[in-house]
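Put chain B on the given structure of chain A with help from the hints.
There are 2 protein chains.
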Amino acid sequence: MSDDARARIFVGDIEVDAVPPNDRGLAYGDGVFETMRAFGGSVPWWARHWQRLTRGIDLLGIKAPDEARVREAAESLLEGCDSVIKLIVTRGMGTRGYGPSPSQPTWIVSRHPVPKHVEAITLRWCHLRLAEQPALAGIKHCNRLEQVLARAEWLHLPPDEMYADDGLMLDSQGHVVGATAGNVFALRNGHWLTPPLDRCGVRGVCREWVLAEPGAAEARLAPSDIRSADAIFVCNAVRGILPVARLGDRTWSLHPQVARLRARLAEANPAFAPMESP
Amino acid sequence: MSDDARARIFVGDIEVDAVPPNDRGLAYGDGVFETMRAFGGSVPWWARHWQRLTRGIDLLGIKAPDEARVREAAESLLEGCDSVIKLIVTRGMGTRGYGPSPSQPTWIVSRHPVPKHVEAITLRWCHLRLAEQPALAGIKHCNRLEQVLARAEWLHLPPDEMYADDGLMLDSQGHVVGATAGNVFALRNGHWLTPPLDRCGVRGVCREWVLAEPGAAEARLAPSDIRSADAIFVCNAVRGILPVARLGDRTWSLHPQVARLRARLAEANPAFAPMESP
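Going down the list, the sequences are from chains A and B. For the first sequence, our numbering begins at 1 and goes up steadily by one. For the second sequence, our numbering begins at 279 and goes up steadily by one.
If you are wondering where the hints come from, they were derived from the structure by calculation, not from laboratory data.
Derived list of chain B stretches under chain A, where covered just means 3 residues or more per stretch with a C-beta under 8 Å from a C-beta of chain A: (1) 287-297; (2) 352-366; (3) 378-391; (4) 413-419; (5) 423-433.
Just so we're clear, the structure is a prediction, and the values are computed from it rather than from any experiment. Heads up, the beta-carbon is just placed ideally off N, CA and C, and yes, glycines get one too.
Extracted from the complex, chain A is given alone in its bound form (with noise of 0.2 Å):
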């Protein structure tokens, strides 16, 4: 790991010292994974990540791991600090097959820097679009190769051309789900929309929270209907609530309503409070 990364490896209830190679989260992917925002020595939404990963490793059929150990692990590398921890369970060690046989689950622990606040971003379009998948559709799973090929779009374009801080993706029927790395809200007519997520993308933990604002709920969204909006914000639980500033031509300044729903989050979890000016 790089020295802003430290992790902790269990299989079951051991911690071990490496990653079986015969992991099956590295033959097939098979597992999912949790991107957490820490505070205070501890992580606020800790309840709600658990819950998400729950519904996919039971729609996996992937053994828990004890909720009680993982959170314990997860805290002893926060050492008090403002950080990222991130978990990975996989349904462990494996034959070669894809039958999946029942076995303890690995689960990876590892703590990672807060990314830099930024007060607004660019969005661009992705080409790639995403598969329908309805089956796996919602959950945190780490079948991730879409989300890496629509990322490194824009990694070898010219510079004037390339900047961005998140790409937006459609699904093959040209419909809107979400930057690659967080779930997005259009505000149309006074109401905070955001994709159903039903044939896939994943349904974030900060997006949960948005939709049980007043005022928020899904529906399916074109192209069109972000950039028509009165404002789009992208949203994930490591940066909470971020206004965008940019997609395209298109450009917004800050939105009241964004302003507003940004205060209330920092109120709902203090991981998200504005920084105190240097």
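Structure of chain B alone, referenced to chain A:
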């Protein structure tokens, strides 16, 4: 690893003790694999496997490991045995986030037992439909949750309903794609037909060999084209050509054209020559 499996792990040219916990293969299934039949201390179809591996890592933008080094490491596991070699190549270590940055690939070679020889197999239809993602179609990447879920469909059925060696999968349009762990060919009007795999599925090494035979061709196939075929077989590079004796209510006895093709395959690759009866 279990007693019947041995593995060696490398990062670039350097042999290491363990898979790094921040390997992108583990995080995102960001890699490709090959499963190869070894015979008499080497892998007869090495060049074919390496060619497909190269197609996959080029498409994903993964740095290629040194072929001679990989082959040497793979063959070091054989000890002259007839066995199966699995090779995984991942993008290597990375910081958190989907964006790929240049890194040395991680690669793992492992040895596994040869599956028991069978004269014919039984298939079923899988319920799960494969999502269509043309950007990833054909290559043997490590995002295999669909195959894991499909294979799990008949793990928990009552014993009398349960028996099947593999299952056939359809895409979301209802076209036949193949078995979870092999490609399918159907004999119709004297031609061996197999799906084109331009939207999903893996272009198998044994499939490529069959397609180069006279009378074999790609064609979109509906389930009814399979059921009404004069013969069908599944093929892969571990087990060669597997005649299908049963699919649901339909049964087939061994067709002379399957036997003829199997004999030609045995000439082309000695690993697939018929076993001596004891």
